Each structure stands twice: as structure tokens, then as C-alpha cells.
Amino acid sequence: MGLENQLVGDNVLVTSMTKLVNWGRANSVWPCTFGLACCALEMIASTLANFDISRFGSEVFRPSPRQSDLIIIAGTLTKKMSVMVKRIYDQMADPKWVIAMGACASCGGVFKSYSVVQGVDQIIPVDVYIPGCPPRPEAVLAGLMKIQEKILTEKLGQRPDVLSGTLQ
Amino acid sequence: MELNAIVNAISEKCPGSILKQTENHGINEITVSAQCFYEVMQTLQGDGCGFDMLTDVVGIDRMPRAPRFDLLYVLLSMKDFSRLIVRLEAGEGQEVPSVSSIWHSANWGEREVFDLMGINFSNHPDLRRILTWENFDGHPLRKDFPLEGKDFDKPFDTKTVKDYC
Ligand code: SF4
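Just so you know, the sequences run in chain order H and W. My numbering applies: residue 1 is where the first sequence begins, and numbers increase by one. My numbering applies: residue 1001 is where the second sequence begins, and numbers increase by one.
Isolated chain W, as found in the complex (with noise of 0.2 Å):
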């Protein structure tokens, strides 16, 4: 689908949600602001544009911009086989309505964003930790994240790992 056409239906349904519109290397991108997000990518799903898959959650750390986080949800449409990237900027702490009610795909790839980013997505069924264990602490894709972790020179003892299994 044209990046025009997807502006337009856009606009028709929330009106200034777009906040920058670009196209690189043949993929269209568009930077929704957060108060019409949700809506935003309903209309991305339903009939109009036909964005029928989520492939890809990525969470990106700006630090020390503010707001510090970008959200990037990578869409594919089935029919013509077209993509498009919506951009989402978050800050620390700032909630985002979570989209696995629209796509099921994003179920894990928003508990993989929380996981290593810590970008709490509200509405989400199933919020727990995917790749790292349940008392892990810290968000380890941040950048203020030290890269060995806590507690890197003593012994590691595997009972302090606890797991949801």
C-alpha cells in the first residue's frame, strides 16, 4: 500500500496522530504520537489498509534523549506484500497500550520488549518475563545497564536463579 493512501485512511479516523511520515530504501515509516496509538493501529489492521501481520517488536534506547525509548512495530500486509514501520517514542516509565489484542504475535515480542527494555505495555494478557528469569533484576538491553550484570566476580550459585517453571 502507498504511504499516502495509509496517511489518508490515518487521518480520516484520528486526526493528527501522525507526527512524521518517511520512506528509506522503499520502506515507509510513519511516527504516531501516543495518545492515538491504539486507534491508530487498529485502523492499520482493519479492512482499509490491510496490515494483517506483526512481524517484529523492537524497543530501541535513545538515552539521554527524552522521551528515552523508541518502540518500532514492524507490519506486513499478506496482499501485497508490503511493509511499513510505526514509530512510537516512550519515556521512562510511561505506559503503552499493548496491541496483542489486534495481532496475537505481539504477545511475545511486547513480553521480550518489558524483558530487556523495560516498557511496561498495559492491557497486555500475560506481562512476564521471557528470555531472562523471573528474579532477574534490571532490564538488560538498557544502556545504563553494566554489561557483566551484579555480582559478577563472587561464585554464581544456581539457587539463586528462580524461574517461573
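Same shape as in the complex, but just chain H (with noise of 0.2 Å):
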């Protein structure tokens, strides 16, 4: 007895705007094809068959940031680059989601210098940190699982771009 037999005829399933839409969300946070340093080639490997993270809805790798949903900041942030990251993130349509991976991104890691950003939430608002250098594609799937747990929890109306007036 599946699922499939239950649902044969006309059948009304009943549940929230929120929960539906987030439910949609959660699971199928699409990340921007990005990454700066190091930490990027354990991004890339958390996408391969070994850690798979198609499981959880990500596969889909946007080469545009408009059609992003997430975007994994992987790597060392040189003030250099910050303004194309800046700009990417900018593009990116609502909602969107911030993952700071790795020592660097979350903090500067050991590039306490001159031409590294101390932390990508300097520039853009981060969600989930993830700690390790680099840390290791479990670590990124479970920061993803945190992004999904707390998109579940979010309110429609409640976002932060809604009350900004940003998302039309």
C-alpha cells in the first residue's frame, strides 16, 4: 500500500501556504557556481557520487546568479575580489541564502593581512557558518541541512526582503 494508491480519485490534501512554499524551498536550494580558494575543490567534491548532495536538492549548480537560491562563499576573500562578490550576491533574485565556508570565509582564517576581507558577513549577510580548513564535504552538507532547517521555520510574510519592501 503506497502512497500512490491513497491518492487514486480526487483526493484534497490540506496544509499551509508557508509550509508548502517552504517545504518547496528547503528542498531545492539551488547553490551559484562559485568559489574562491581552497576550500572550493571540497565544495565541488560534497557534488560528486561520494557525497552526493543531489540527496538534499543542491545539484543544480546555477552558472547564473539569477537563478540561484544560495551562494557558497568557498575560499579566501581578497578585498580584490569582494566587489565581484558583492555584485554577485546583489544579483542574486529573493529569497536568497549565504553559506560562509571554511576558516577563511567565516573569519579570515590564518590571512590575517593586508589584502584578505576578515569575513565575508563584513560585506554580505552570512546564515551559516562552517568551521574547518578546509572543512570536509560532510561539514557543507550539514551546513546545508541547517539552511534547510531554517528556511522550514521562516514566515512568508516575515522575510527579511518582504519587510524591506525589496521583493515585490
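Rather than coming from a laboratory, the hints here were simulated on the basis of the structure. No experiment lies behind these values; they were computed from the predicted model shown. It is possible that part of the hints are untrue.
[Stated by the list, open to error] Quick list of simulated restraints, FRET-style, between CB atoms:
hint : chain 1 : residue 1 : chain 2 : residue 2 : range
1    : H       : G132      : W       : K1143     : 30 to 36 Å
2    : W       : Q1042     : H       : V110      : 26 to 32 Å
3    : W       : K1143     : H       : A93       : 34 to 40 Å
4    : W       : T1055     : H       : V110      : 26 to 32 Å
5    : H       : M145      : W       : M1078     : 52 to 58 Å
6    : W       : Q1035     : H       : A45       : 30 to 36 Å
7    : H       : Q91       : W       : T1160     : 40 to 46 Å
8    : H       : L163      : W       : P1146     : 39 to 45 Å
9    : H       : L163      : W       : P1064     : 55 to 61 Å
10   : W       : M1063     : H       : V110      : 49 to 55 Å
[Claimed, not checked] Below 20 Å or equal to it, Euclidean Cα-Cα: the simulated EDC-like pairs (lysine to aspartate or glutamate) are:
hint : chain 1 : residue 1 : chain 2 : residue 2
11   : H       : K112      : W       : E1148
12   : W       : K1159     : H       : D90
13   : H       : K80       : W       : E1134
14   : H       : K80       : W       : E1112
15   : H       : K112      : W       : E1095
16   : H       : K80       : W       : D1137
17   : H       : K86       : W       : E1112
18   : H       : K86       : W       : E1134
19   : H       : K80       : W       : D1070
20   : H       : K112      : W       : D1070
21   : H       : K112      : W       : D1153
22   : H       : K80       : W       : E1012
By construction, the Cβ of each residue, glycine as well, lies at the ideal position given by its N, Cα and C atoms.
From the two separate chains plus the hints, produce the assembled complex.
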């Protein structure tokens, strides 16, 4: 007796709009194809068959920021690059989420120097920080699951982008 | 090419331009004077010596020595795969003639030395910063440059970065 047998005929499923939308969003978080340094390789590894990020609906790495929901800042963010990263983030359509992956993206890591931004949260808002240098792919998946948890608790009308009026 | 043959070829064209010559671990090195630097480099690239490739330009800050900087040009001959390092001592603020008209690869190498060390090259076609950004203040590989740079403790704003693009 599978679900499909139950659903034969004209059935009605009752749920709330918030739950339905959040369920959809949480299970299709499409990341931006984007990496900065060594951490990017672990992010790439997490998409391959061994770790298989597609179990969480995030295997569709989009080459355009306009099609992506998530940006994984994977690597050392230099000040020279920060302009481009901010631009990519600004180009992403709402709703959008940010993962700071690794020590460098979270706080500058070992690079306490003139050329490195000491944490990507200085230029864009971060939802989840993943510690490690580099974090293993399992940690990336754990971070992704944290994002999913966060999405499931969001109230549709109370997201910052809705309240600030940037979402039409 | 043997070091002696190189030295002879240079001495013919520009006598007295070689201040020092050494051989370390099979790599030849000559130190040349700033006055004849460009002519020496032309001679080295010419048919007599045949160093047709410039693989790297290196700047060394030897503070507090005067003159402050060492410039190293790593040359390679594609005929017999011999290498030669040409060393030039340059003081603070001294202009060094660009060799990018002799070897095109010097263009970016000299831009990098200019960017990180602050050595100016005369007659360079496009002397802009290459690794740091346009309005960067200072030359980060100088020994007196603070590792953390300026305004390290203040929040960073992308608007402070202006770049060529
Ligand atoms: S956190 Fe470590 S692995 Fe990741 S970008 Fe920085 S140095 Fe590389």
C-alpha cells in the first residue's frame, strides 16, 4: 500500500501555504557556481557521487546568480575580489541564503593580512558558518541541512526582503 | 653559454659594466651597473648570447642597505637551456629602464615588481598595479609595510576598493 494508491481519485491535501512554499524552497536550494580558494574543492567534492549533494536537492549549481538561491562563499575572500562577490550577491534574486564555508570566509582564517577581508559577513549577511580548514564535504552537507532547517521555520510575510520592500 | 663567454661578450659592448660575477650551484649570475643596464640586456638577448626568454623578474627589499633594492632578471636560452641571473641594485625612488621592449614577458613581471615593491620602470608601456587594486596605498612587499595594512581594525566596505575594471 503505497501513497499512490491512497491518492487515486480526487483527493484533497490540506496544508498551509507557508509549509508548502517552505517545503519547496528547502528542497531545491540551488547554489551559485562559485568558489574562491582551496575550500571550493571540498565544495566540488560534496557534489560528486561519494557525497552526493543531490540527496538534498542542491545538485543544480547554476552558472548565473539570477537562477540561484544560495551562495557558498568557499575560500579566501580578498579585498580585490570582494567587489565581485558583493555584485554576485546583489544580482541573486530573493529569497537567497549565504553559507560562509571555512575559516577564511568566516573570519579571514590564517590570513591576518592587508589583502584579505576578515570574514565575508563584513560585506554580505551570512546565514550559516561552516568551521574547518577546509571543512570536509560532510560538513558542507551539514551546513546545507542547517539552511534547510532555517528555511522551514521562516514565515513567508516576515522575511527581511519582504519587510524591506525589496521583494515585489 | 659559459659565464666567461658571456662576460667577454658584454665587456666588448659595454666595458666596465659588470660589477661582479659568480657561479652558484651551476647557475651563473652577474651584477651589472645601472648606467649600462639596458645595453647589457640588449646584448644578452642578441645573437651573440642568445638569451631569448625572460622567465622572471624578482625584486628584493634589502632594507636598511643602501641602495635598498635588488632586481633579479632570470634569463633562459632556448638553444642550450642555460640560465643566467642578472642582478641590478636600485635605490629608493631610482628609475630602472624597462626591458619590456626586449622581452615582452617583462611587461607583467615589471608591473608586479612595481606593484609590490614600488620600483618605477621608465619606458614601460603600461605601468599599472597588477595584483592589488587601483587605489591601494603603499607597496605590500616592502619590509616597512605593516602586514595587516591600514585600517585593519575598522569594518571593511567594498566601496573603498576601486579597480581598473
Ligand atoms: S579555510 Fe583553509 S581550506 Fe578554506 S580557503 Fe581558507 S585556507 Fe583554504
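Practice task
Give me the numbers of the hints this structure contradicts, sorted from smallest to largest.
Solution key: When the structure is compared with the hints, numbers 2, 3, 6, 7, 10, 15, 17, 19, 20 and 22 turn out to be violated.
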